[in-house]
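S.K.: If you read the sequence shown in this note's numbering, its first letter stands for residue 94, the second for the next number, and so on.
If you're looking for bench data, these hints aren't it; they were derived computationally from the structure. Among the clues, some could well be false.
[What the hints assert, rightly or not] Below 30 angstroms or equal to it, Euclidean Cα-Cα: the simulated DSSO-like pairs (lysine-lysine) are:
#1 486 to 509
#2 175 to 163
#3 239 to 175
#4 486 to 535
#5 535 to 546
#6 355 to 314
#7 355 to 175
#8 239 to 163
#9 546 to 668
#10 509 to 535
#11 181 to 239
#12 385 to 314
#13 385 to 355
#14 181 to 385
#15 163 to 181
#16 509 to 385
#17 546 to 486
#18 314 to 239
#19 385 to 486
#20 509 to 546
[As the list claims (entries may be wrong)] Here are the in silico distance ranges between beta carbons for each label pair:
#21 647 to 157: 53 to 59 angstroms
#22 157 to 263: 21 to 27 angstroms
#23 314 to 377: 48 to 54 angstroms
#24 160 to 230: 24 to 30 angstroms
All C-beta atoms in this analysis are idealised placements derived from N, C-alpha and C, irrespective of residue type, glycine included.
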Amino acid sequence: MRTDRRGESLLLSDMGSFLPWGSLILLFLLLQSILHLSSGCLMEERAALMDIRSFLMRAHSLIALDSWRKDDDDCCSWELVKCNNETKRVSHLYLSGVYLSNLTIPDVPQYLNSTVFSAFHELQYLDLSSNSFRSLSLEGLVGLSKLRYLDLSDNTFEGCFPETIGRIVSLEVLVLNYNNMNGRLPTTAVENLRNLRQLNMSENSFSGNLPEPLFSLPHLKILDLSSNNFGGHIPVSSSSGPISLEVLDLSINGLSGTLPVKAFGNIRNLNLHGNLFSGSLPVSIFALPHLKFLDLSYNNFVGRFPINFSSEPVPLDVLCLHGNSMSGALPIERAFENLLNLRELYLSSNRFIGNIPTFLFSLPHIEQLNLSTNYFEGPFPINPSSNLSSSLKSLRFSQNNLSGRLSFVWLGNLTKLEEIDLSGNANLAVNISGWTPPFQLKQLLLSACDLDKNIIAEPHFLRTQRHLEVLDLSNNNLSCSMPNWLFTEEATLQVLNLGNNSLTGSLDPIWHTQYSLSSIDIHMNHVAGQLPANLSSMFPILSVLDFSSNNLFGDIPTSLCEISFMGILDLSNNKLSGEVQLVFLLIIPCY
94 MRTDRRGESL LLSDMGSFLP WGSLILLFLL LQSILHLSSG CLMEERAALM DIRSFLMRAH
154 SLIALDSWRK DDDDCCSWEL VKCNNETKRV SHLYLSGVYL SNLTIPDVPQ YLNSTVFSAF
214 HELQYLDLSS NSFRSLSLEG LVGLSKLRYL DLSDNTFEGC FPETIGRIVS LEVLVLNYNN
274 MNGRLPTTAV ENLRNLRQLN MSENSFSGNL PEPLFSLPHL KILDLSSNNF GGHIPVSSSS
334 GPISLEVLDL SINGLSGTLP VKAFGNIRNL NLHGNLFSGS LPVSIFALPH LKFLDLSYNN
394 FVGRFPINFS SEPVPLDVLC LHGNSMSGAL PIERAFENLL NLRELYLSSN RFIGNIPTFL
454 FSLPHIEQLN LSTNYFEGPF PINPSSNLSS SLKSLRFSQN NLSGRLSFVW LGNLTKLEEI
514 DLSGNANLAV NISGWTPPFQ LKQLLLSACD LDKNIIAEPH FLRTQRHLEV LDLSNNNLSC
574 SMPNWLFTEE ATLQVLNLGN NSLTGSLDPI WHTQYSLSSI DIHMNHVAGQ LPANLSSMFP
634 ILSVLDFSSN NLFGDIPTSL CEISFMGILD LSNNKLSGEV QLVFLLIIPC Y
């Protein structure tokens, strides 16, 4: 059916003969609204998007935004844009990483003027992350009453926390991490954001004390202020009841004082790693009803491991206490009755003494056990009759005073095992027999143990480990030929340390190219012969090469300078010759 404007006028005239004037006006406004939205989005919003595109083009952005065209009226179909299905107004802008210019152009500002966003009255979600913007002006966002999500992370914003943010009171999620912001957090700006559910300002240089209102925001569930320069204590009173927070990350700051444990009643994830907290660890922290992750590593806690004889189970599955000054013997099995959900236990770099409790290996869900760098002694707590949890993936007990014997055959039911580190236990006899294990290791570190001398000479066990990334057999007085078989095919090895042994033989020049190997150390052995001329093609990504204190002779191959990642090269105490100065001059640009 064909219509024209004259027909529309007649239709309205006919309708006016039986419609009241008020209804006629409403109908007119409705028709106007329908015509206005029929193009897919509002003209003012389309114009604002074109302004954004023009800015990016002037800044020589590598992102083309080809779908943003003046001749396309439906901006709701443009990439990185989402509209409200009913009102057709822009609700989401996904502008992460759109400003990807490596050029600094004097006539182009290094920030996008926020007034351009004032056209988007129904904007709820704005992502401007990863754009290298240097300046921060948010005045254009203040009037956006529906803005709930604002991501300004991974830019280069400098200066203090913008108090303008405190006027965007509708915000529920604010992300400012990975910038260069500094100074104190303004209390007034923080306390106005009463709708916040998530706040992330990690990886900046904020300083001063933490604002107390931050911890009393009624809806805040996730707070991440890690990797800043905050000091003082956590401004929470245990007597005021539990705070709303469920995830709290204040790691890598300068916080001190005592832990307000009673205020953490709703906490699921607590990370205070790398601060200055001190004193004894409160036993009540293991009774928090919702706590699943606790990291108190690298603080100044002292005293014994807290003993909690409560049989009420708690959901804690990751416990990190490494890097403190805790001491004494680990408690008896009964003290762990409420910690049966533990998956990861890190107690390394403390001052614990005594025997390692055998029950730790049979915790039903345990995967990671790290008790390295302590003063544990006595026999290794695994024997042929041990009840080992089949979930174990990592066993790390290096740098202790363990003794006795460990046969890898006793690990036969650990099908998920990936890491073994027993280094630095000189009195621990480690036997690796010629069996085929059910596991595939990624890391095997047995430096300075009483190691089975046949591990390389009869390498049946090592040949079965097809996913090995780190192998350290140094400081064991191993006496056999250089294990060239390690390089006869492309392997997954990234780090190889065979230093300070009694290896003989020579370096085979027909090794297969090792595309993963970044570090090789065979210093203080008796390896003889010449360095292969094709070292650069054998080890193309090598960053550490230590062949010092061997019996190598001949010229230093100039191909070494072709290894572009080389950072440490030590060929000292050999019988090498040639144009040493020239070679090292060639290597310098490779650093």
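S.K.: Against each hint, give a clear statement of whether it holds in the structure.
M.R.: We went through each hint and held it up to the structure:
Only pairs whose Cα atoms come within 30 angstroms are accepted, and residue 486 paired with residue 509 is accepted, the gap being roughly 5 angstroms. With a C-alpha separation of about 18 angstroms, the suggested pair residue 175 and residue 163 falls inside the 30 angstroms cut-off, and the hint holds. Only pairs whose Cα atoms come within 30 angstroms are accepted, and residue 239 paired with residue 175 is accepted, the gap being roughly 15 angstroms. With a CA separation close to 10 angstroms, the supplied pair residue 486 and residue 535 stays within the 30 angstroms bound.
Note on residue 535 and residue 546: the hinted pairing holds, with a Cα-Cα distance of about 21 angstroms set against a maximum of 30 angstroms. Only pairs whose Cα atoms come within 30 angstroms are accepted, and residue 355 paired with residue 314 is accepted, the gap being roughly 17 angstroms. Straight-line distance between C-alpha atoms of residue 355 and residue 175 comes to about 44 angstroms, which puts the hinted pair past the 30 angstroms bound. In summary, the hint linking residue 239 to residue 163 is supported, as the alpha carbons are separated by about 27 angstroms, within the 30 angstroms threshold.
Proximity of residue 546 to residue 668 is assessed by CA-CA distance (about 28 angstroms); at most 30 angstroms being required, the pair is judged to hold. Of the supplied pair hints, the one linking residue 509 and residue 535 holds, its CA atoms being roughly 11 angstroms apart against a limit of 30 angstroms. A hinted pair counts as satisfied when its Cα atoms are at most 30 angstroms apart, and residue 181 with residue 239 qualifies at roughly 15 angstroms. Under the criterion of a C-alpha separation no larger than 30 angstroms, the hint pairing residue 385 with residue 314 is consistent with the structure, at around 15 angstroms.
Distance check on the hinted pair: residue 385 and residue 355 sit about 16 angstroms apart at the alpha-carbon level, within 30 angstroms; holds. As the CA atoms of residue 181 and residue 385 are separated by approximately 43 angstroms, the hinted pair breaks the 30 angstroms bound. A threshold of 30 angstroms between alpha carbons decides the hint, and for residue 163 with residue 181 the separation of about 18 angstroms falls inside it, so the pair holds. Between residue 509 and residue 385 the CA atoms are separated by roughly 23 angstroms; this keeps the pair inside 30 angstroms, and the hint holds.
A C-alpha spacing of about 26 angstroms is found between residue 546 and residue 486, which places the hinted pair at or below 30 angstroms, so the restraint holds. Between residue 314 and residue 239, the direct Cα distance comes to roughly 20 angstroms. Compliance with the 30 angstroms bound is thereby established for this hinted pair. Of the supplied pair hints, the one linking residue 385 and residue 486 holds, its CA atoms being roughly 19 angstroms apart against a limit of 30 angstroms. The suggested pairing of residue 509 with residue 546 holds, with an alpha-carbon distance near 26 angstroms, which does not exceed 30 angstroms.
Evaluation of the 53 to 59 angstroms hint for residue 647 and residue 157 yields a pass: the beta carbon distance comes to about 56 angstroms. At roughly 33 angstroms, the beta-carbon separation of residue 157 and residue 263 lies outside the given 21 to 27 angstroms, and the hint is violated. Checked against the given bound of 48 to 54 angstroms, the beta carbons of residue 314 and residue 377, roughly 22 angstroms apart, lie outside it. Between residue 160 and residue 230 the beta carbon distance is about 27 angstroms. The supplied range of 24 to 30 angstroms therefore holds.
Hint compliance for this structure: hints 7, 14, 22, 23 are broken, all remaining hints hold.
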